[in-house]
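Undergrad: If you want the building blocks of each chain, they are given just below.
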Amino acid sequence: MEFTQLSLYDQAIMLFAAITLFTSFVMLAQSRMAPLIYTFAWQGTLLAVTTSLVAYVSNHPHLYISAGISFFLKALLIPWMLHRLSVRLNIHREVETVAYPSLILLAGAGLVLFSYYVAIPIVQLSALVTRNTIAISIAVVLLGMLLMITRKKAISQVIGFMSIENGLFFAAVVSTYGMPMVVELGIAFDVLVAAILFGVFFFQMRASIDSLDVDRLNRLREVDE
Amino acid sequence: MTALWLMLLIPLSGIFLQAFIGHLRLAGSINVGFAGMTFAASVWLATSVLADGPLLSPSRMMYIDAFNVYLVALTAFVGLTTAIFSRPYMQHEVESRRIGKRRMRLYHSMYQGFMFAMLAALTTNNIGILWVAMEGATLATVLLVSLYRTPEAVEAAWKYFILCGVGIAQALFGTVLLFFAAERVIPVRDDALLWNVLYSSASQLEPTVLTLAFVFLLVGYGTKVGLVPLHNWLPDAHSEGPTPMSAILSGLLLNVALYALVRIKMLVDGSLQTNLAGHLMMGFGLLSFMVAGFFLHRQRDIKRMYSYSSIEHMGLMTFAFGIGGPLATFGALLHMTVHSLTKSAIFVTVGHAAQIAGTQSIEKIRGLIRTQPAVGWGLLMGTVAIAGFPPFGLFVSEFLVLSATIKSWPWLTVPLLVGLAVAFAGIFRHLHPMVYGDPPEGQVAVRANMLPVMIQLAFVLWLGIAIPVFLSKWFEQATILISGSSPL
Chain A
216 MEFTQLSLYD QAIMLFAAIT LFTSFVMLAQ SRMAPLIYTF AWQGTLLAVT
266 TSLVAYVSNH PHLYISAGIS FFLKALLIPW MLHRLSVRLN IHREVETVAY
316 PSLILLAGAG LVLFSYYVAI PIVQLSALVT RNTIAISIAV VLLGMLLMIT
366 RKKAISQVIG FMSIENGLFF AAVVSTYGMP MVVELGIAFD VLVAAILFGV
416 FFFQMRASID SLDVDRLNRL REVDE
Chain B
5 MTALWLMLLI PLSGIFLQAF IGHLRLAGSI NVGFAGMTFA ASVWLATSVL
55 ADGPLLSPSR MMYIDAFNVY LVALTAFVGL TTAIFSRPYM QHEVESRRIG
105 KRRMRLYHSM YQGFMFAMLA ALTTNNIGIL WVAMEGATLA TVLLVSLYRT
155 PEAVEAAWKY FILCGVGIAQ ALFGTVLLFF AAERVIPVRD DALLWNVLYS
205 SASQLEPTVL TLAFVFLLVG YGTKVGLVPL HNWLPDAHSE GPTPMSAILS
255 GLLLNVALYA LVRIKMLVDG SLQTNLAGHL MMGFGLLSFM VAGFFLHRQR
305 DIKRMYSYSS IEHMGLMTFA FGIGGPLATF GALLHMTVHS LTKSAIFVTV
355 GHAAQIAGTQ SIEKIRGLIR TQPAVGWGLL MGTVAIAGFP PFGLFVSEFL
405 VLSATIKSWP WLTVPLLVGL AVAFAGIFRH LHPMVYGDPP EGQVAVRANM
455 LPVMIQLAFV LWLGIAIPVF LSKWFEQATI LISGSSPL
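Protein chains in written order, with our numbering: chain A, 216 to 440; chain B, 5 to 492.
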């Protein structure tokens with residue numbers, strides 16, 4: 216189907232989904248801590264906007280609640296917590312050296328193509344207006360993993376982790392119009408607890424290895440000769 | 005029904021109660037009390053299910069059948085014995101490692117939290133809630149792994165958190181895909197994640213989507229089972245966390261993750277009508293079994309060594325569930341039971357042994373049987389049992405799995421036998437000096453309650469000689485449920 220044949224709302228969903236994917240790429244390339252957290256907050260906001268649009272188009276009012284929860288958690292609370300922690304631990308101005316940035320971005324582009332390939336059997340079965348964005352949700356998950364692999368600061372890894380959660384939430388919204396409410400609430404609870412625990416961990420790491428570089432966590436080896 | 009609610013509410017209230025009790029001995033006793041009440045409720049539930057058949061709660065959120073009811077009883081039992089062990093053990097740790105009161109409140113509160121998450125995961129009928137509970141179990145234990153706050157413990161906990169977190173995120177994606185497939189056939193949206201609804205309409209689910217979903221779920225829950233190559237978190241978390249944690253992680257968490265995987269496999273098999281899911285599980289299982297066996301030879305930390313043994317046994321169970329016939333399934337169910345009883349008993353003993361020697365290094369643990377005969381004999385008997393020596397239950401279950409393999413995949417018996425021999429040698433080469441060697445000067449006995457260990461090992465022995473009627477009835481019902489036909 217041609218893009219122009221879709222209704223304006225459907226086009227808006229596609230557009231916002233694409234921008235969400237774009238924020239994933241921005242995060243991959245962003246090496247400064249504070250902007251990284253802001254970009255993550257923007258991704259959460261875009262996710263909530265897309266979800267509300269889907270709720271409006273598909274006439275599924277419960278998605279407004281999901282969008283609200285997701286906005287509160289992913290766009291406000293978690294970024295605020297991360298920002299406050301990074302200020303308190305005095306790392307918000309730190310710049311992380313990202314090795315081979317262009318190569319990472321190319322790998323990211325490759326992952327997007329791969330996601331479209333993986334999504335083919337699902338898209339063929341789906342009759343939802345949002346089916347074309349399923350691949351994007353998979354790509355957000357994979358790019359979150361790539362972010363976690365390429366970074367060494369604990370904060371960037373947490374952002375990668377939360378970005379994977381974003382992708383999963385997005386996948387549930389666009390492929391099935393969201394999971395049942397109980398499950399969604401349970402997942403939101405888990406994400407909230409995980410975010411708090413990550414905060415606790417920053418302090419434990421700072422106290423035990425005097426740094427938030429995950430690279431310095433290298434004492435446990437298979438065999439210590 | 006009352007038994008079910010009681011069983012879930014007791015640990016849930018325990019979480020909040022324990023958060024306020026700073027008195028260490030009192031908290032330890034309350035922990036034992038709550039675990040005891042949970043166990044009593046689970047026995048009540050088990051007997052009622054045994055008498056009346058499967059139980060579906062009115063809201064259809066809980067579903068108990070033969071498969072999960074025996075795991076529920078097992079989980080509550082091991083939770084109780086570990087709580088009994090934890091009381092003197094943690095008092096000793098608090099004295100020797102100077103753990104603050106706040107951290108001990110966290111410990112007891114999260115112990116109950118972990119039990120709640122495990123029981124919720126086992127009893128729920130909703131696959132989404134199953135995921136939430138599995139993630140909840142990780143969250144409850146992650147701060148316990150870092151309880152000692154040494155750099156190693158923090159590293160182990162971070163690894164555990166990140167690897168299991170990312171791993172289980174895959175399982176969530178798998179669950180979304182499953183929901184996607186189910187929503188197309190099941191008319192009411194909110195029913196589309198209920199296991200009993202899914203199971204009855206499994207044959208209509210779209211096979212291609214379910215294949216994709218199973219791959220994600222296998223990777224996700226497989227991380228928690230500790231399948232190679234997703235096992236890296238497991239030895240670290242086991243070796244650096246407090247020993248009662250290692251006992252319940254090895255004895256319970258791994259079982260529950262495997263339970264989740266088998267439930268999913270039952271759905272996928274119904275949809276695909278081929279054994280693809282089984283083949284994947286066989287591959288991963290056999291790989292874990294072999295790799296862990298070889299790694300056993302290279303360990304220097306006693307808890308690390310026994311955690312590799314857990315990976316090995318989980319691999320064997322995954323393999324057996326993958327084969328899928330009634331004989332293999334029966335063997336796997338029995339193996340789940342005897343392994344978790346034996347392994348938690350071993351970890352309890354190992355905890356005492358490490359306290360006697362003042363270290364976890366295998367080279368420095370010597371002469372246990374002379375310093376404290378109960379601990380020495382416990383370790384010896386436990387290790388003999390876990391290695392699969394004849395009178396113990398693990399011999400029977402491994403023998404069943406082996407005969408099932410000879411029947412359906414004859415050429416796979418070779419790697420299986422080689423793996424068993426390698427693992428056997430790996431564990432035994434370290435055991436002899438630890439138990440019989442000369443004790444270093446000044447080594448003294450510690451306060452230890454070995455009664456739970458003896459009870460558990462006696463149980464394993466009993467299961468090896470004769471399986472009691474009520475248990476064999478459970479296993480048979482569960483086998484019929486999973487594989488479709490009776491093993492007897």
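Treat each hint with caution, since some may be false.
[To be verified] 16 Å max Cα-Cα, derived EDC-like pairs, lysine to aspartate or glutamate:
1. B:Lys163 / A:Asp428
2. B:Lys163 / A:Asp430
3. B:Lys368 / B:Asp442
4. B:Lys368 / B:Asp305
5. B:Lys368 / B:Glu445
6. A:Lys367 / A:Asp430
Calculated from the structure, these hints are not laboratory results.
Bear in mind the structure is a predicted one, so any value in this text is a computation, not a measurement.
Undergrad: All hints are to be evaluated individually against the structure, with a verdict given for each.
TA: Against the structure, the hints:
Proximity of Lys163 of chain B to Asp428 of chain A is assessed by CA-CA distance (about 13 Å); at most 16 Å being required, the pair is judged to hold. At roughly 12 Å between alpha-carbon atoms, Lys163 of chain B and Asp430 of chain A fall within 16 Å of each other, so this suggested pair holds. Proposed proximity of Lys368 of chain B and Asp442 of chain B is supported: the alpha carbons are some 11 Å apart, at most 16 Å. Pair hint Lys368 of chain B plus Asp305 of chain B holds up; C-alpha atoms about 10 Å apart against a cutoff of 16 Å.
With a C-alpha separation of about 12 Å, the suggested pairing of Lys368 of chain B with Glu445 of chain B holds against the 16 Å cut-off. With a C-alpha separation of about 6 Å, the suggested pair Lys367 of chain A and Asp430 of chain A falls inside the 16 Å cut-off, and the hint holds.
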